[in-house]
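Kindly produce the complete structure, drawing on both the sequences and the hints.
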Amino acid sequence: MQRVGDSLPVKWTLIVLALVLTALVLVVPLIEIVRQALAGGVGELLDNLTNTYTLSAIWLTLLIAVITVPLNVLFGTVLAWLVTRFRFLGRRLLQTLIDIPFAVSPVIAGLVYLLLYGRNGWLGQWLAGYDIQLMFAWPGMVLVTLFVTSPFVARELIPLMQAQGRQEEEAAVSLGARGAQLFYRITLPNIRSGLIYGAILTNARAMGEFGAVSVVSGMINGVTISLPLQVEQLYQDYNTVGSFVSALLLAMLAVLTLVIKGLLEWLAERRQQRHSKVAEDV
Amino acid sequence: MSITVDQISRQFGNTVALHPSSLDIKEGELVGLLGPSGSGKTTLLRIIAGLETPSAGRILFSGRDVTNLHPRNRRVGFVFQHYALFRHMTVFDNIAFGLKANAHRLSLGRQEITERVNELLGQIQLEAYAKRLPAQLSGGQQQRVALARALAVRPEVLLMDEPFGALDAKVRVELRRWLRHLHEQLGFTCVFVTHDQDEALELSDRVAVMSQGRVEQIAAPAQLYREPANRFVFDFLGTTNSFKGEVRDEQLYLGEQGTLRLPKVANGAAELVTRPHEISLSHSPSDSATLPAQVSAIAPIGAVVEVELQPFWEAPNLHVTLSPRDFEQASFAVGDTLYLHPHRLMLVDPHSTALTPVS
Numbered sequence: 001m002q003r004v005g006d007s008l009p010v011k012w013t014l015i016v017l018a019l020v021l022t023a024l025v026l027v028v029p030l031i032e033i034v035r036q037a038l039a040g041g042v043g044e045l046l047d048n049l050t051n052t053y054t055l056s057a058i059w060l061t062l063l064i065a066v067i068t069v070p071l072n073v074l075f076g077t078v079l080a081w082l083v084t085r086f087r088f089l090g091r092r093l094l095q096t097l098i099d100i101p102f103a104v105s106p107v108i109a110g111l112v113y114l115l116l117y118g119r120n121g122w123l124g125q126w127l128a129g130y131d132i133q134l135m136f137a138w139p140g141m142v143l144v145t146l147f148v149t150s151p152f153v154a155r156e157l158i159p160l161m162q163a164q165g166r167q168e169e170e171a172a173v174s175l176g177a178r179g180a181q182l183f184y185r186i187t188l189p190n191i192r193s194g195l196i197y198g199a200i201l202t203n204a205r206a207m208g209e210f211g212a213v214s215v216v217s218g219m220i221n222g223v224t225i226s227l228p229l230q231v232e233q234l235y236q237d238y239n240t241v242g243s244f245v246s247a248l249l250l251a252m253l254a255v256l257t258l259v260i261k262g263l264l265e266w267l268a269e270r271r272q273q274r275h276s277k278v279a280e281d282v
Numbered sequence: 283m284s285i286t287v288d289q290i291s292r293q294f295g296n297t298v299a300l301h302p303s304s305l306d307i308k309e310g311e312l313v314g315l316l317g318p319s320g321s322g323k324t325t326l327l328r329i330i331a332g333l334e335t336p337s338a339g340r341i342l343f344s345g346r347d348v349t350n351l352h353p354r355n356r357r358v359g360f361v362f363q364h365y366a367l368f369r370h371m372t373v374f375d376n377i378a379f380g381l382k383a384n385a386h387r388l389s390l391g392r393q394e395i396t397e398r399v400n401e402l403l404g405q406i407q408l409e410a411y412a413k414r415l416p417a418q419l420s421g422g423q424q425q426r427v428a429l430a431r432a433l434a435v436r437p438e439v440l441l442m443d444e445p446f447g448a449l450d451a452k453v454r455v456e457l458r459r460w461l462r463h464l465h466e467q468l469g470f471t472c473v474f475v476t477h478d479q480d481e482a483l484e485l486s487d488r489v490a491v492m493s494q495g496r497v498e499q500i501a502a503p504a505q506l507y508r509e510p511a512n513r514f515v516f517d518f519l520g521t522t523n524s525f526k527g528e529v530r531d532e533q534l535y536l537g538e539q540g541t542l543r544l545p546k547v548a549n550g551a552a553e554l555v556t557r558p559h560e561i562s563l564s565h566s567p568s569d570s571a572t573l574p575a576q577v578s579a580i581a582p583i584g585a586v587v588e589v590e591l592q593p594f595w596e597a598p599n600l601h602v603t604l605s606p607r608d609f610e611q612a613s614f615a616v617g618d619t620l621y622l623h624p625h626r627l628m629l630v631d632p633h634s635t636a637l638t639p640v641s
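Top to bottom, those sequences are chains A and B.
Under my numbering, think of the first position of the first sequence as 1, with each following residue one higher.
Under my numbering, think of the first position of the second sequence as 283, with each following residue one higher.
Because the hints were derived from the structure by calculation, they are not lab data.
In this text, all values refer to a predicted model and were calculated from it rather than measured experimentally.
Where a beta carbon is used, it is the ideal one built from N, C-alpha and C, also for glycine.
There could be a bad hint or two in this list.
Estimated spans, in silico, between C-beta atoms of each pair [what the hints assert, rightly or not]: (1) A:5 x B:509: 58 to 64 Å; (2) A:162 x B:289: 33 to 39 Å; (3) A:252 x B:386: 47 to 53 Å; (4) B:301 x A:85: 23 to 29 Å; (5) A:85 x B:537: 33 to 39 Å; (6) A:100 x B:386: 57 to 63 Å; (7) B:338 x A:184: 34 to 40 Å; (8) A:115 x B:338: 50 to 56 Å; (9) B:386 x A:29: 57 to 63 Å; (10) B:467 x A:99: 53 to 59 Å; (11) A:159 x B:634: 44 to 50 Å; (12) B:318 x A:6: 58 to 64 Å; (13) B:467 x A:269: 39 to 45 Å; (14) B:347 x A:112: 36 to 42 Å.
What follows is the structure, encoded as structure tokens:
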């Protein structure tokens, strides 16, 4: 029996098309990165990997991610909570504003921060009075990365929390739950999957961000060069192998992120299955 | 615990969800709030629970003003329309939640909590399902878990929002009986919201009928049905037959074709209403059966036969219900002309829509 939409030629055309596109867009470039990184042999790869500048770039990239992800997880959760659990004037406007970092080109974001916090910017001048320099230093890079990645968690959580509604929270309150109990026992478990996914997207972008970071970095070797910036810099210096080694590192970090996400999903699924298994035993 | 609703009102922006309303609910009473959607019944229930803040007015529990008391501290059991079970917790943990949250106040140990939850699981006959997640239960089972969760902390007040709305007819009737039984056992004060008049009339000691943010009438089910305060209550509790015409010298004239003797009604335009089971049908006209109508449809629905008739005067179709035995004895078919004798009529006041029996 055939169901509506069952058509073998269509099905196989789509499958082949999807496979070919995936190969061209995803797999071939990834293989090329590995090939180029190994172009000078394993020794050269290790040399490039362990030189001071690369190590400092790795360190800086991880630092940016380590600061950005928790802050934006917190920010996104608070924002999503605010937008979905309260009614107030300007709620719609706020929901639109959340998307600005997505809508604006990161380069422009970097430029605005540079003009605002730079030596000639009015916030920058004020901070300089206290001997604090944000631009052309790692705090500035963290700042623009925070801006660029700020919507990911909220964007994941808002539809989820809207769909779930507030009734479970109301039920918990009417049963006598206090604020902390409410959050840790009801709200957090319900939004956990969205939170994890939002954090992973934030992390991927924080480590990979180029445009905004390049504007405020100042490109000081060994100090304000993160991995994406190093890829570009080495390539411009005709150090193709070095550039691709850094690119490979970034790709590996991305793959690692995906593996962690997969692992967390697998754990959640296993937990679910354990429950169903109990249910079947009964 | 008795509940006093004292001039409670609620506005959302410019829309009035609830006009100033008052209700007195006695300790141990089971009161249904009945009304169509948008009548303000859920708003009132949520205000009693403290989940919604009133714009004005007071809520008293046994004389104590709780208007500004946080819902956490009202110690009210609340059952939500879609149950709102904690989806990531097992049935056991759902029921235990309130006990754990109040463990300190109730001075309960882990052992006692487990015992009390198991006891409740027994009462709702779901012992075997303790380790399941809510999503793995049927609607009726979820509803029972929601009730057990609300009752676990032994609240003196139980509030329920459309408790049986999402269940199929058979489960609904079973759960109603079960709830009635539980209420008799535990003696809590209970207020529930429903749009189903059968549910309200069967379960409640008293029913408050609501419409457009107002309490139209509060009365015991039998009284409500016999003596509805106004046209809205009459319409909402069942099918209405309406006779609209002109009264002259104790006769109601319904166009050319129908007249009805109406002593005690003043001259002028008048509308009278009656229920489908308060009309008898005969094949030939008589002193009492004076209104001619043609049978347009006959529908046997279980315990009654519903007959739809098109009156000979300009008016919407009339509905009459007969017992199957009466229907067999009368023996008529679609297309026959019959004569109607309404034996209980209520006169509608044109301004207030209040109803007064005239026969």
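Status of each hint after checking the structure:
1. A:5 x B:509: 58 to 64 Å: Once the Cβ atoms are compared, 60 Å apart, the range 58 to 64 Å for residue 509 of chain B and residue 5 of chain A holds.
2. A:162 x B:289: 33 to 39 Å: holds, 35 Å
3. A:252 x B:386: 47 to 53 Å: holds, 50 Å
4. B:301 x A:85: 23 to 29 Å: holds, 28 Å
5. A:85 x B:537: 33 to 39 Å: The hinted range 33 to 39 Å is violated for residue 85 of chain A and residue 537 of chain B, with Cβ atoms some 59 Å apart.
6. A:100 x B:386: 57 to 63 Å: violated, 46 Å
7. B:338 x A:184: 34 to 40 Å: Hint holds: Cβ distance 36 Å, inside 34 to 40 Å.
8. A:115 x B:338: 50 to 56 Å: holds, 52 Å
9. B:386 x A:29: 57 to 63 Å: holds, 60 Å
10. B:467 x A:99: 53 to 59 Å: holds, 55 Å
11. A:159 x B:634: 44 to 50 Å: Check passed, 49 Å falls within 44 to 50 Å.
12. B:318 x A:6: 58 to 64 Å: violated, 45 Å
13. B:467 x A:269: 39 to 45 Å: holds, 42 Å
14. B:347 x A:112: 36 to 42 Å: At roughly 54 Å between Cβ atoms, residue 112 of chain A and residue 347 of chain B fall outside 36 to 42 Å, so the hint is violated.
Hints 5, 6, 12, 14, counting from the list given before, are not met by this structure.
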